[in-house]
Amino acid sequence: MRRIGSSLAARFGILSLILLLIPFGRITLAQQDFQLEATVSENKIFIGEQFNLRVEVSGSSMRDVSLPVVPDIEGIGLLSQMPSRSSSISIVNGRTTTSTTYSYGLIAREKGFFTIPPVTIEIDGQEYRTESIQVEVIEKGQLSSDGNRQLPEIFLEVEIDEQNPVPGQQIVASVQLFFKQGIEVTSFQPNAGWRTDGFWKEELQNIRQPQAESVILEGVRFRTATLIRYALFPTRSGELTLSEFPLNVGIRTQSARNDPFGSFFGSAGSQRRVTLESEPITIDVRDIPSAPNALSMNAVGDLSIERTLATDNVMVGETLELTTRVNGEGNIPLVRKPEYNFPDNLELYTPQESSNIERRGLTISGEKVFTELLAPRAPGDYEIPAERIAVFDPGSGNYDFVNLPALRYTVHPGGNVQNAVSYSDGSQIQPVTGLAVWHEATSESIFSRFWFWLLFIIPFAGLIVAIRKKRLLMKLSTDKEFARAHRAADLAHERLEYARSIVDEAAPKEIYNILHKALFGYLTDKFHLPEAGLSDQELIQEVRKSEIEEAQQSQIKKMLDKCATISFAPSGDRTDYRSDIIRTEKLISELNEQL
Amino acid sequence: MLVPGSMAFAQQPLFDEANSLLSEGNYQQAVNMYQSIADDGYESGALWQNLGVAYTRLDSLGKAKYYFLKAEKFSETEQQAETALQFINNQFPRQSAVLPALPWIRFINFLSENIGLKAIAFAALFFLYLGIASKIGAWFRFDFKKTLNYVSYGSIIFSVVLLICSIVIQYQQNRYSTGVMIDREAPVYQRPEDNSTVISTAYEGYKMQVDKTESENQQSWKYIRLENGMYGWIRDGHIMTF
Numbered sequence: 001m002r003r004i005g006s007s008l009a010a011r012f013g014i015l016s017l018i019l020l021l022i023p024f025g026r027i028t029l030a031q032q033d034f035q036l037e038a039t040v041s042e043n044k045i046f047i048g049e050q051f052n053l054r055v056e057v058s059g060s061s062m063r064d065v066s067l068p069v070v071p072d073i074e075g076i077g078l079l080s081q082m083p084s085r086s087s088s089i090s091i092v093n094g095r096t097t098t099s100t101t102y103s104y105g106l107i108a109r110e111k112g113f114f115t116i117p118p119v120t121i122e123i124d125g126q127e128y129r130t131e132s133i134q135v136e137v138i139e140k141g142q143l144s145s146d147g148n149r150q151l152p153e154i155f156l157e158v159e160i161d162e163q164n165p166v167p168g169q170q171i172v173a174s175v176q177l178f179f180k181q182g183i184e185v186t187s188f189q190p191n192a193g194w195r196t197d198g199f200w201k202e203e204l205q206n207i208r209q210p211q212a213e214s215v216i217l218e219g220v221r222f223r224t225a226t227l228i229r230y231a232l233f234p235t236r237s238g239e240l241t242l243s244e245f246p247l248n249v250g251i252r253t254q255s256a257r258n259d260p261f262g263s264f265f266g267s268a269g270s271q272r273r274v275t276l277e278s279e280p281i282t283i284d285v286r287d288i289p290s291a292p293n294a295l296s297m298n299a300v301g302d303l304s305i306e307r308t309l310a311t312d313n314v315m316v317g318e319t320l321e322l323t324t325r326v327n328g329e330g331n332i333p334l335v336r337k338p339e340y341n342f343p344d345n346l347e348l349y350t351p352q353e354s355s356n357i358e359r360r361g362l363t364i365s366g367e368k369v370f371t372e373l374l375a376p377r378a379p380g381d382y383e384i385p386a387e388r389i390a391v392f393d394p395g396s397g398n399y400d401f402v403n404l405p406a407l408r409y410t411v412h413p414g415g416n417v418q419n420a421v422s423y424s425d426g427s428q429i430q431p432v433t434g435l436a437v438w439h440e441a442t443s444e445s446i447f448s449r450f451w452f453w454l455l456f457i458i459p460f461a462g463l464i465v466a467i468r469k470k471r472l473l474m475k476l477s478t479d480k481e482f483a484r485a486h487r488a489a490d491l492a493h494e495r496l497e498y499a500r501s502i503v504d505e506a507a508p509k510e511i512y513n514i515l516h517k518a519l520f521g522y523l524t525d526k527f528h529l530p531e532a533g534l535s536d537q538e539l540i541q542e543v544r545k546s547e548i549e550e551a552q553q554s555q556i557k558k559m560l561d562k563c564a565t566i567s568f569a570p571s572g573d574r575t576d577y578r579s580d581i582i583r584t585e586k587l588i589s590e591l592n593e594q595l
Numbered sequence: 001m002l003v004p005g006s007m008a009f010a011q012q013p014l015f016d017e018a019n020s021l022l023s024e025g026n027y028q029q030a031v032n033m034y035q036s037i038a039d040d041g042y043e044s045g046a047l048w049q050n051l052g053v054a055y056t057r058l059d060s061l062g063k064a065k066y067y068f069l070k071a072e073k074f075s076e077t078e079q080q081a082e083t084a085l086q087f088i089n090n091q092f093p094r095q096s097a098v099l100p101a102l103p104w105i106r107f108i109n110f111l112s113e114n115i116g117l118k119a120i121a122f123a124a125l126f127f128l129y130l131g132i133a134s135k136i137g138a139w140f141r142f143d144f145k146k147t148l149n150y151v152s153y154g155s156i157i158f159s160v161v162l163l164i165c166s167i168v169i170q171y172q173q174n175r176y177s178t179g180v181m182i183d184r185e186a187p188v189y190q191r192p193e194d195n196s197t198v199i200s201t202a203y204e205g206y207k208m209q210v211d212k213t214e215s216e217n218q219q220s221w222k223y224i225r226l227e228n229g230m231y232g233w234i235r236d237g238h239i240m241t242f
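From first to last, the protein sequence lines are chains V and H.
Going by our numbering, the letters in the first sequence line up with residues 1 to 595, in that order.
Going by our numbering, the letters in the second sequence line up with residues 1 to 242, in that order.
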């Protein structure tokens, strides 16, 4: 319902009004201790729908009031020239208020915007006029531009007044109930479970009795009322979600349409309870810019800050009380204690904080007080440096700065000054003098050093060698043929050494016999052939079958032939013998590489 | 690693000069000179101890505690540093509640502080050599085979345990370091943002564990674990870390 104005002296012209109001303005207003207003039951009306025009005169005493004169209204018809009249008297705290109300029935006839002209009324013989009222007449069933969704008979919405706040900025979340004509709301009770993660929440105390208003949604008339309002303060940036708001509502279906919400806890009828939930809301909380060169208290809003020291003269051991007071409208509950740069020689005790928060109206206001207890440890003159505190103003999007002046205090020696000084300078801790043991500062890890891993690998390498050796010994002891082949070269070398040792004194036959034995024995050992009972020819045939190269094969044959020939027809001198020993030795070495 | 004579003595005159400044009461100049020695890449228990003393005289007890903790790690100044730490800790108006560490963390800390990573790694190597040598011996000396096998398996198992311990210590050292609060107090946030929820307040002298891995991607912030077991983010200017 819309209040639209109060009366003015209508009979007097502008000039006489000015002349009278200047010297006697206060008297005139004091004398005019009544109020005249005209209201309509709906501002938006369907074609053919009835609505009421009420003209109310209220004041401290009953007055002589004439019938109001309602002029012709374009597009709207007056159902009866005779209004219904009602009078009331109320006495509150000894103060009497009387009220006379005339109610006219009107009917909307044409679509469009229309003006109800001022209504004229005579009070105590003087004529007064109300202000004009704008109304809109629409066609029934006319849909709004956002689609033609079917709205339920009663539903709940949470409306917020700011979609992109910054952390610490207050936003107001209003719990709005919508219900159709004919439904009467008798009670409501919020349920637990409204999650507001990332917000500091305070319920505002500005709604005593919800007032219903009429709205047209999707071409249908609804009544709406704000039930509860909350002040929310985001505590961090990013996307934050307000969960579904759960509400228990007691309703009564009623055919009467003129007293929908005014009859809270009102008339009789069959009642039922419904549980409603609003849609969840996502709010994108912007990052707050950082405050340059200033101390942050996480303060957002219109806040004033002051800092005081209880006394500026103390004794050592006594305490100084530093109070920081934050006042005003804003995120009082979230304001943090400022981190001052205190001078040295101060002991800090646990700070206390208290707050007084005012929740009336649409903003949270109040005061927060931080009290810090400081105990000086040494005498002297000290200064708590000046500070510049940043307070973010969401309106302008900038920081306001509050300059706190420096605070000075003097600490006088106390009874326990000696102890205090010795504690403050730590004189019982003495420095180390003389030759120091120096180390190279290194942060390199032992695991990142090459030599460590080398040392780590060496035993495993030794282990592998040992395993091979073990296997060899094992095979030598169990596999005779392998042992023969393995020892063949060594045995041949032993025989050749023996031949070399006797080359100067022994007969050629004996020397070549040993050479033959060395070569023949080496080959039979390698080919796993019996040494006895095998002719040179048979051995050469075995050699040809083997992988020994042609050159070595012919050398073997040649040497074996020579050994056989020399046994029967010795020839040559000692030099030839030595040469043959060397040649045989070389041949065995070459064969050893191939076998 | 011990530095040979000439290199060690190169630091000594500066150190002596800084000591003179300290005894004359020029604490800040003494601090600067001690710091220049440290900046040259040298350290000693005496250097850290005297830096701690200088900061105590300057009434910067958080920094003093940091240097005494460093001095405590050197055998030559361990006892003096412990005494100084006892004194310093009594000076802090606030003491943190200390949540006892888990047994295995206590064990690893004990090894790290009392034996040292290098010693454990070398011990692991020694027992590895002993174990493998014993095993090889057992293969070729049949008369001592049983004894050598026992020695071998025992040594190798011990070596593996020591190696695992040294790897864990190295991991701990790489990932975590000790930090000391040097400012009067600072908020500890839930997230590395000034507007985040404050979960605790750290006061001067508080010791904390700094998670270097977690802090790597956050400039000017350190992820810490306070001694009372709470985790959070703190501006790195408020703390000094080892």
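Possibly wrong hints are sitting among the right ones.
Stated by the list, open to error - Covered stretches of chain H, going by a simulated chain V footprint (3 or more residues, C-beta under 8 Å):
{"#": "1", "region": "44 to 55"}
{"#": "2", "region": "104 to 112"}
{"#": "3", "region": "133 to 140"}
{"#": "4", "region": "226 to 238"}
Simulated from the structure, these hints should not be mistaken for lab results.
If you're wondering where the values come from, they're calculated on a predicted model, not measured in any experiment.
Cβ atoms here follow ideal geometry from the backbone N, Cα and C, with glycine treated the same way.
Item to complete: Report the numbers of all earlier hints that the structure fails to satisfy, in ascending order.
Response: As far as the earlier hints go, 2 and 4 are violated by this structure, in ascending order.
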